[in-house]
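Q: For chain A, the structure is supplied; the task is to place chain B on it using the hints.
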Amino acid sequence: MTPVSKIFRMKKSRLFQISIFLLLFLVSCKLTRVGGYDAIVDKTINEVQQQLSSFFVNAETEAGTEAFSYVHYKNFYDGLKIEMSTLRIRSAAVNENSIADQEVVLLDENTRKLEQLHKLGIQNYEEIGLLKSGFEQQLAAIIKLQLALKKRVKS
Amino acid sequence: MALNISELVKEMLNAAKPVLQNFWKDARPYAEKEAKSFALNLAMIEKLKLQKKISKEAASLHVEIQKNSFRTVLLTIEGIGILSVSEALDAAIGAVRGPVNKAIGWALL
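Chains A and B, in that order, give the protein sequences.
Heads up, the first sequence is in my numbering, so the first residue is -5 and it goes up one at a time.
Heads up, the second sequence is in my numbering, so the first residue is 12 and it goes up one at a time.
Simulated from the structure, these hints should not be mistaken for lab results.
Note that CB positions come from ideal geometry on N, CA and C, so glycine has one too.
Derived list of chain B stretches under chain A, where covered just means 3 residues or more per stretch with a C-beta under 8 Å from a C-beta of chain A:
hint	segment
1	62 to 71
2	90 to 102
Here are the simulated lysine-lysine pairs, DSSO-like style, with alpha carbons at most 27 Å apart:
hint	chain 1	residue 1	chain 2	residue 2
3	B	K78	A	K113
4	A	K113	B	K67
5	A	K138	B	K78
6	A	K68	B	K78
7	A	K107	B	K58
8	B	K44	A	K145
9	A	K126	B	K67
10	A	K144	B	K36
11	A	K138	B	K44
12	B	K64	A	K68
13	B	K36	A	K138
14	A	K37	A	K144
15	A	K126	B	K64
16	A	K113	B	K60
17	B	K60	A	K126
18	B	K64	B	K78
19	B	K67	B	K78
20	A	K113	A	K75
21	B	K58	A	K126
22	B	K63	A	K113
23	A	K126	B	K47
24	B	K44	B	K28
25	B	K63	B	K78
Excised from the complex, chain B in its bound form:
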């Protein structure tokens, strides 16, 4: 039995789409909130410097801590993004597993 490529692609995309949409829906507000928090903290360090409440060495350590924290946030977004793509792929493969394996004759997917 020949596979209908366009039909398979349509089924796979339909299965993957909700997963990826949820990822973007969840990731965007989180990224925005954390970027705002990072910026506010940098502004606070500047304010403490202007008020002479903080030394250059202490300010540098504070900035490094904030940078590491924001880097961690970005790594989490990247990690969850990869996991979501994998989840979407699992859904897409799951949607066409039956017909593809039947057409090939071996349970490959």
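Same shape as in the complex, but just chain A:
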């Protein structure tokens, strides 16, 4: 092997090492963007999901009746606000501005909009169906990411 090809081979090897470290650095930056797993955030999300599921079970039977008016659900919204506040604070502390945290912020926005709609008066069964579908889609997506984060911690 000539000295020139020796140097070239060494340079190629060095370039490979630098590429690997650069790649590792970029991936670790991207991972920070996703956020880390936190058991309390995960648990609180599941509690919010249970509260909303119970709400929709009641809503499906009570929609359009006096029993479904906002005044009868004030305690539900107060409880939900406390739960969401705990979730937002914890999520921001663990993963501020990460994808996982942005999802919590979007869930919080949706629970506030649900309350606004209820104050306006949810008149029919179709509206309940829309809300249920939207929240199920959102909660399923959040839980899916939480499971992926949990799996990464375990592996």
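A: Relative to chain A, chain B alone:
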């Protein structure tokens, strides 16, 4: 000992490929299903408006809720995608860790 770059690249790609393939296989049907659900919900809001069963203010809140839900789905797909890339990279690095560390002489990988 000099590293065989093309051999290393081949080994890394072989290790990473199944992970990334699984990601696309899983993500595509999920994205399609949720996009369809989003579109159906928007169509329902339009139907309720045409039937005069919903006010403009209520329709606007419904649309915002649906948009936030679909945005969450897209964020999850992005997040799982990043985690899959990281998993693929771990597999790729794992496949060449031994020979690379041996060639360099330090346990760097």
